[in-house]
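**Student:** Going down the list, the protein sequences come from chains E and W. All letters in the first sequence, in the order written, are residues 1 to 405 by full-length UniProt numbering. All letters in the second sequence, in the order written, are residues 1 to 253 by full-length UniProt numbering.
Derived by calculation from the structure, the hints in this document are not laboratory data. Hints are not guaranteed to be accurate.
Claimed, not checked - Below, a sample of chain E positions facing chain W; criterion: calculated Cβ distance under 7 Å: (1) S132; (2) T133; (3) E137; (4) Y138; (5) P157; (6) G187.
Bear in mind that the values here come from a model prediction, so they are computed numbers and not experimental data. Here a beta-carbon is modelled for each residue, glycine too, at the ideal position from N, C-alpha and C.
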Amino acid sequence: YPMTIRGTDSVFVCFLNEGFLLGEVRQEETLSISDSHIGSSEFLNVIEVHNHEPCAQLFSFYDYAGNVNEENLNRILKDRRKNVIGWYRFRRNTQQQMSFREQVIHKQLTHILGIPDLVFLLFSFISTANSSTHALEYVLFRPNRNRYNQRISLSIPNLGNTSQQEYKVSSVPNTSKNYASVIKEHGTEFFDKDGVMKDIRAIFQVYSALQERVQAVCCEVDQSERVREKIQEEVNKLKEEIALRKRNSAEEERRLQEAAAVTLPDNSALPDSSHSSLTRVMLSGPSVEPSLERPVNSSSPPVYSTTLPPDSPSAILLPRPQAVGSPGHPSPSLGLGNGDGSSSDSLNRQATGQEDQEDDDDEDSSEYENLVSEQLQPPSLSETVTLGRPATLWPDGDAHSPPGS
Amino acid sequence: MWKCCTVINKRTNQRKRILLDCTSHNGSERGTFRVRRISSLYESRSEHGERGSNGALHRRAHFLNMRHRLAEMTGRPMRVVGWYHSHPHITVWPSHVDVRTQAMYQMMDQGFVGLIFSCFIEDKNTKTGRVLYTCFQSVQAQKGSEYERIEIPIHVVPHEAIGKVCLESAVELPRILCQEEQDTYRRIHSLTHLDPITKIHNGSVFTKNLCSQMSAISGPLLQWLEDRLEQNKQSIIKLQKEKEQLTQELASL
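So here's chain W without its partners, still in its complex pose (with noise of 0.2 Å):
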């Protein structure tokens, strides 16, 4: 996953929630255990009421729509198996709110998985910084009707490409940020009462914010993506000189 999807970069004190969309295998349940393949990441907006259970028929509807759309871009059946989402400065482990989500979504489907991405977390004492991510359930707790958190594990297929679905989740990310700018600047501005300094300054809020996204992410994105580019025009030309030698060997056996 690290080759094939992007570690998302994050606003400072707002946790990005994104859903996620997978293939799911479970035609080898025997025993205890499944195994439940993610395909494919799908990145999509801050949806408020989503949480708790009020979101549930929200949800569905929504996990429908996706399921639909992924299925016309990929090709293949697809169906939602999970959510991720991102706790940029702090720990990695579930929130009681993330724990409460996460069963909500299990009664909907008893082997949704969570993820979460902890990213831009430096302990100051050994300057080690450090990217996380974990997989969780929740059960019942044994007292109460609280939920208590589970580990699931989860382990990364490695590949040498990059997948297509990855680098458009990867080109997705500041389209999203974007979108949710002009939504917030959107209900700004429909404000009649304000006065003309104050709507400038919300109108150069919008610009400072887009301009840090477009340095914070897009540039760099983009640079990434150059540089990936020449890398694989180089690789092609060496395995291509690989592949003529290789085949005048196989001719000479």
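Chain E extracted, bound-state conformation (with noise of 0.2 Å):
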């Protein structure tokens, strides 16, 4: 059951936590012909993705125990819910199988969309213990009757052959004069007054608009990018400064509060003098002006800052939170082993915990915000990044190069 994903779209699913595949199942028939038997066809059942939707958020079509909710998914979905064929999820440093909430859930779209093939695309990103090699792994899972281990292949069409070796420098030798005339006479159709191929101008035409329009989207995309990112950062700044009022006002409260409790026996004893010993305590308090400036522990989430701080480099330098493995020390089974990079043990796959859990936390580069927090961490770890450190692996044998590069 093989499937095919086109072009660079899964490559860039991979940051959108989870959504849902588009595209279509269709068979294809190969035929062939041999010595060995007189023809055979083949039907092969293919799931092709053509496009994806992505979710603004986990948990927007499921609650917590993974109830799916209907309403939701036709609203992330609308007119597209017919082009479901899957739905896929990202998650960092766990194991390449569907947790059982992701089980839960499969089941029940399964049922509401009305697809018992529905595929899930697992993508996961894992590292070396010394942050030095990343992988991104997808493995696409085909549920069959409540097992949910069933994999299937997924291929990722390439360019293709389109090696420059296929140009021919030389004609094949011939010496008959009526095959030099009968395409010399026939052949001519080909060319423009130039000697230039026809074709080769109808395609390259072909090309330069595309190009151009391609440029052109990426023009818009890039205004866009500038756009939300302007949006974001004033929706990050309100929410601040609305933080920071509340704080304030809070703050305030509490301090009035416990100025009148301070005060509270003198009055019993002068009931009348109530006004006054209130009067006293704002006088004699301390004065409590709102500060509009941003208090030094921001409760925000800390920004990965754009220009290294002078002072902290080694904030920027802590490995990342990985599964196995020590987290300051190379490990000495590092690396990806067996050739093809195939090897999933090599990069550590162990599981920190249930999925479940990861997931909640699981949101935009967490582990970065971890680094950025960890700032006191002992100088000891800066060994990670010394320079000069021998590899601790080297691959076995040489890599595969092909000739001539």
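Starting from the two chains in their separate frames, assemble the complex, guided by the hints.
**Tutor:** Here it is in structure tokens:
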């Protein structure tokens, strides 16, 4: 049951946490003729992913118990519901298997959407202990009758064999005069007056028009990224301001209450002087002026600085929290071993815990927030980034280099 | 970097050599480590003669040229701090040639780093696909004059939005591929001893290759750009609403 995914779509899916895969399922017939039998045709079921519909956040169509909300589902999918062929999820440092919640969700989705062969694409991101090598992995599951570990092969079309060795630098020698005259006479149809193939000009025009359009849409995307960034910043500032004001007014209220509690015993003896004692409190209390300056210890999430703070380089150099291996030292078994980068073991795939726990916290590079907040790590961790440390692993044999590279 | 730059789609057998231009922050040099900050990737076409010690002068001139162009583009002082290339269908580790090339670069600049991206890797047993990247430098091996690789930690700084330079890198890719195809075809086309059938064949190869580029690269890229544009429009609407609500809330406090 081979499946194909188109182009670069799948790569960009990875940072959108979760969403739906849209596409179509069809059958392709392949005919084969060989000496061993007259002819046989094979039918292959092909699932083709055309596009994806990301969810803005986790839990947008299901709850913590994994109950799917059909109304929310329809709101996300709208009229693309009929094109759904699967859904996807992105996780970090976790096992490559469907979690219990995901299985529960998957089962409901198959019923609600009426797709018994719904697929689930799991992306995960893992790193070596010293953070020198990182991998984005993807596995496609096609659960079948409560068996949630069935995987199917995913093929991503590459540019293909566009090797420039296909050009011929010499012609097949031929002394036939007939051959020469026929191909000369009829071959001229293909060339324009400058001796350039007409097809070349035509295809180049198609390419140029396409490239122009790509450039134009790219400019629009760039503008929209800047606008989005700006509004996001404004929203963040407003949230901070609101939080600050709420904090300040809560502080002020607390102080007033404390001050009132302190002066209360005096007031009980002189009931008619309560007003003046309050006045006394107000005059003698500390002046509380709402500060509009940003507090030093803001409760907003630490922003990953775009410029390195000159006195805390270690904040950025700390290794990411890893699934296994001591965080500060290169593991002797690091590396991807097996020559073709395919071994999953050496990138330490053991999960730290249940997927569900990770998911709830796993949003928007939480490990980088961890890094920034852990600025007081002991300096011994700097050895992970010391230049000149010899590699602990050399891959077996040479990398398979194509000739002439 | 996942958000900001594409993982480049590659030809099956060729490895694309691409140079990396970045800003460098050496101000934090203390003790035994340095930090290099990569702010942008700049693709360049495969150039023969760049590898090996003979290419050193050529490389220096090339870097200076790129540095000026990038400084113009970004409006910031730029310098080249590393290089990257891809390993399609093969392991992410640098070959002996890569390690030697890296060593040559380090002769120009000790802090120069190398990045390798490996893609279209699939483990047939676990049916797991992978895209990997690694960062390395070279040191002299203990015995002999060979070099060996050392691992350099690399951290990706997350960003919500995609940077202009990253978008332009993505769009530059099909342009570079087409340019390479044209250059090859031009060389072939200049051969005068070919008969018409061979010329037609070569022209068809060019057409076929350009079609592959359009359907495998330009097309999906355009689709992704359109989808991203739509997502941004939706986000902007939501954020505007949120901004209005928050402004009202702030006013009431």
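**Student:** Of all the hints numbered above, which does this structure not satisfy? Sort the numbers upward.
**Tutor:** Violated hints: none at all, because every hint is consistent with the structure.
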